[in-house]
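Colleague: Next come the chains, spelled out residue by residue.
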Amino acid sequence: MGDPPRRAPPALSRNPLTDPRMTLACSPPTSTPVRRAGIRRSAGPAALACLLALGAGSAQARDLRMGLSAEPTSVDPHFHNLGPNNALRRHIFEGLIDNDPEMKLIPALALSWTARDDRTWEFKLRPDVRFSDGSPFTANDVIYTFCRVPLVENSPSSFATFVKPFTAVEAPDPLTVVIKTDRPLPLLPNNLTAIGLLSAKASGAPGAVTFAQGGCSGMGTPPKSTDFANPKVAVGTGPYALKEYVRGTQVVLTKNPAYWGRPATFDTVTMKPIPSTGPRVAALLAGDVDLIESPAIQDLPRIEGAGFSVAKGLSNRIIYIHLDQFDGPDWKTPTIRGADGKPLPANPLRDVRVREALSKAIDRKAIVERVMGGVAQAAGELLPFPLSGTTQGFPVVPYDPKAAKELLAQAGYPNGFEITLGTPNDRYVNDEKIAQVVAQMWTRIGVKTGIDAATASTFFTRRNAFAFSAYLAGWGADSGELSNSLNSLLLCFDPATGRGFTNRGRYCNREVDRLTIEAMGTFDAQKREALLRQASALAMQDYPLIPLHFEVSTWATAKGLRYRPRIDQYTLAMDVEVVK
Amino acid sequence: MSAAPAVAAEPVPKKPEPVWRAQGRAFFRAPGASLGLAVLVAVALAALFAPWIAPQNPYDLASLDVMDATLPPGGEGFSGAVYRLGTDAQGRDMLSAILYGLRVSLVVSLTATVVAASLGACLGVLSANAGGRLDAALMRLVDLQLSFPAILIALVLLAAFGRGIDKVIIALVAVQWAYYARAIRAQALVERRRDYMEAARALALPRASLLFRHLLPNCLAPVIVVATMQVAHAIALEATLSFLGVGVPVTEPSLGLLIKNGYDYLLSGKYWISTFPGLALVVVIVAINLVGDRLRDVLNPRLAA
Numbered sequence: 001m002g003d004p005p006r007r008a009p010p011a012l013s014r015n016p017l018t019d020p021r022m023t024l025a026c027s028p029p030t031s032t033p034v035r036r037a038g039i040r041r042s043a044g045p046a047a048l049a050c051l052l053a054l055g056a057g058s059a060q061a062r063d064l065r066m067g068l069s070a071e072p073t074s075v076d077p078h079f080h081n082l083g084p085n086n087a088l089r090r091h092i093f094e095g096l097i098d099n100d101p102e103m104k105l106i107p108a109l110a111l112s113w114t115a116r117d118d119r120t121w122e123f124k125l126r127p128d129v130r131f132s133d134g135s136p137f138t139a140n141d142v143i144y145t146f147c148r149v150p151l152v153e154n155s156p157s158s159f160a161t162f163v164k165p166f167t168a169v170e171a172p173d174p175l176t177v178v179i180k181t182d183r184p185l186p187l188l189p190n191n192l193t194a195i196g197l198l199s200a201k202a203s204g205a206p207g208a209v210t211f212a213q214g215g216c217s218g219m220g221t222p223p224k225s226t227d228f229a230n231p232k233v234a235v236g237t238g239p240y241a242l243k244e245y246v247r248g249t250q251v252v253l254t255k256n257p258a259y260w261g262r263p264a265t266f267d268t269v270t271m272k273p274i275p276s277t278g279p280r281v282a283a284l285l286a287g288d289v290d291l292i293e294s295p296a297i298q299d300l301p302r303i304e305g306a307g308f309s310v311a312k313g314l315s316n317r318i319i320y321i322h323l324d325q326f327d328g329p330d331w332k333t334p335t336i337r338g339a340d341g342k343p344l345p346a347n348p349l350r351d352v353r354v355r356e357a358l359s360k361a362i363d364r365k366a367i368v369e370r371v372m373g374g375v376a377q378a379a380g381e382l383l384p385f386p387l388s389g390t391t392q393g394f395p396v397v398p399y400d401p402k403a404a405k406e407l408l409a410q411a412g413y414p415n416g417f418e419i420t421l422g423t424p425n426d427r428y429v430n431d432e433k434i435a436q437v438v439a440q441m442w443t444r445i446g447v448k449t450g451i452d453a454a455t456a457s458t459f460f461t462r463r464n465a466f467a468f469s470a471y472l473a474g475w476g477a478d479s480g481e482l483s484n485s486l487n488s489l490l491l492c493f494d495p496a497t498g499r500g501f502t503n504r505g506r507y508c509n510r511e512v513d514r515l516t517i518e519a520m521g522t523f524d525a526q527k528r529e530a531l532l533r534q535a536s537a538l539a540m541q542d543y544p545l546i547p548l549h550f551e552v553s554t555w556a557t558a559k560g561l562r563y564r565p566r567i568d569q570y571t572l573a574m575d576v577e578v579v580k
Numbered sequence: 001m002s003a004a005p006a007v008a009a010e011p012v013p014k015k016p017e018p019v020w021r022a023q024g025r026a027f028f029r030a031p032g033a034s035l036g037l038a039v040l041v042a043v044a045l046a047a048l049f050a051p052w053i054a055p056q057n058p059y060d061l062a063s064l065d066v067m068d069a070t071l072p073p074g075g076e077g078f079s080g081a082v083y084r085l086g087t088d089a090q091g092r093d094m095l096s097a098i099l100y101g102l103r104v105s106l107v108v109s110l111t112a113t114v115v116a117a118s119l120g121a122c123l124g125v126l127s128a129n130a131g132g133r134l135d136a137a138l139m140r141l142v143d144l145q146l147s148f149p150a151i152l153i154a155l156v157l158l159a160a161f162g163r164g165i166d167k168v169i170i171a172l173v174a175v176q177w178a179y180y181a182r183a184i185r186a187q188a189l190v191e192r193r194r195d196y197m198e199a200a201r202a203l204a205l206p207r208a209s210l211l212f213r214h215l216l217p218n219c220l221a222p223v224i225v226v227a228t229m230q231v232a233h234a235i236a237l238e239a240t241l242s243f244l245g246v247g248v249p250v251t252e253p254s255l256g257l258l259i260k261n262g263y264d265y266l267l268s269g270k271y272w273i274s275t276f277p278g279l280a281l282v283v284v285i286v287a288i289n290l291v292g293d294r295l296r297d298v299l300n301p302r303l304a305a
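Quick mapping for you: the protein sequence lines, in order, are chains A and B.
Start counting the first sequence at 1; every next residue gets the next number (our numbering).
Start counting the second sequence at 1; every next residue gets the next number (our numbering).
No farther apart than 30 Å at their CA atoms in a straight line, the calculated lysine-lysine pairs in the DSS-like style are these:
#1 B/K270 - A/K312
#2 A/K232 - A/K164
#3 A/K232 - A/K201
#4 A/K448 - B/K167
#5 A/K527 - A/K164
#6 A/K232 - A/K124
#7 A/K272 - A/K243
#8 B/K270 - A/K272
#9 A/K312 - A/K272
#10 A/K559 - B/K270
#11 A/K580 - A/K243
#12 A/K342 - B/K167
#13 A/K365 - B/K270
#14 A/K559 - A/K243
#15 A/K180 - A/K224
#16 B/K167 - A/K332
Hint data in this document are derived by calculation from the structure and do not stem from the laboratory.
Work the whole structure out from these sequences, hints included.
Modeller: So this is what it looks like as structure tokens:
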């Protein structure tokens, strides 16, 4: 692996650091008085200096304030595998390997990685890297991190699965790490992009750490997740360092002057959680923040009309409907009834014709155009092309209500049946609205559909308890390749191996399992992708779930700033460019 | 002295005018209250006959078309239908949705008020008559209940029960019975010392008859006043709960839920989704309050002076 310039900004021709006219705080205030008030409030006495600087042309502080749709639940990089946490983590703690905005692997703290055999990976570390507290980064910090990941207490969604297959982690020299695994793991580099590296010293382990499965030695007392709110504990090698974390209020980051890569663009970055869409857009329009993530789609014309810029990028998140296909002696699918309101003898969703009918009843074009305002892309399989394992031009199920009715009749439901569709109402873009439109379309082919909408935490608890016969949800493939989606959504549900753990429709096709599992153990990238394409095509023939669309992520920025869209939907200060 | 001529000479003594008729006349002397009552009757009729006058059944998902979503007032849909007040994000005709939403709002608030008033009245009369420990216990419960904000109690209950019209009614009853109990008890404490109650007691009437045939009917005036005000309160509370997303189901929106649906579109200039249901809500609540205010004046002789 080579060493391309870190996060090279292709579009940026001028170095913003040398051009004071491009600074944010001094960009001429837009005409509204609110905006001016906002600057005064945030910059305080600096406002005057700023005005002077505009004339004098000298450099001064450059700040970025970001309005986030969801708040990180902790600064601890290993506490919660959740979008906002992972985004915050990337500012402070780097991984061995990173993803670029297109989710390709790029070297971060590892310069190169090679599979020595099918169970041994060797990583060459980047030399002369220092943590934000000045101490050097070595292989010992890597070992410490892999030891610490499974020790996090009360993790709502743990990173431990990524390090569980490690049988040994060794450091032949301070800049080499060798990882041995209990099975072939061709996707290990993809998995490692998820793990941010800690400083062993700042975490209270000054000596050498030795890896051992089931308990490392030399760990000292690992910090608790809450300890990471302290900037002395939250020490990483990233372009920014933690200054302040106040739950529910804001996270403040400062530039890490010792950063090894391209210096951070901003001196401070403030992240404010503004969960409601309306107030978030209002905060941007009023100048209280400089950038917001996921503005309401219906507000985009207004935002652009007011002179702000909007960035859009296809995401790795599919919105889909899972259909309960389970049947057993003590299982009755929970929210389906016959057209007469009486229980049905069998679960109709087990019949592939019924699933096909429900899929064909949905006008995806109408959803994309009318509900999503064109900011989405109709989906045929689980990830959009060109991510690894996807197929160019994978067919989208066509809208054909007539065929759908015929299929229902053939399956023995000429009068349809009644079903309740579960949906979260605050998790995905327009989730509840999409569910209602699907209910309209299903009702029109005779499947009388009710909606059971709930806030995300309630919804997911009930979803995991199999409380819905059909539910709308989304899945973002963090690794950016198809085996992640297949493994989570379509492999046979098996709590023991963790396969199909989000497959709450319990679709099961052994051939799809075989192909996917083989792909996950294949090192040859082309061969792996071919296997995944085959598995995906085979699975989608069974209508195992109903793909609706891929979300298109949106960001809106103030004048003078531009956001470079990321497939993984993260909002990173590193991807904010200053433009004229 | 012969009785016949006297009867013939004197006019038959007029039956005294019933109290309610005098009160009715007093009520209509206020033009605001008359207007309020007229609006209220009109709204009630519109809600009652919504299935016949609404252009669309907004609760029948098959009759909605998402291709007609967020059309402005007067907009024409794909099928040629004209939407006088526009459509919401689901392609629901706003006029129909408001008529049906009024139905939900009125049914929920009236049912909740009747149940809460009956419950509160019974407990209030019992409390006043029993006195002592039962009275103290009940009134402390009322104090406790009134010291919590109504919306908070209702939110907690609905979070526990889940969505649904029946559950909203239960939550409203739970937060409103205390007002009635308090009002009735105060009146009953006065009434039970009146002569007619003494007489009833002297006749050794059974206790139930004493309480519910003699005492309760004479305490109803304040209940009527409280109830009128509380109907308006219940409508607002139901709208708030639905706005917060814990009220009625999303496929059968009430006024509050319609306002919430439109709230997402306010910034983008699609004013009609929130504004029209909001206006309908304001008109209903103002009308009820006008009527309630006047009723209080008419039924309370002390205020008349």
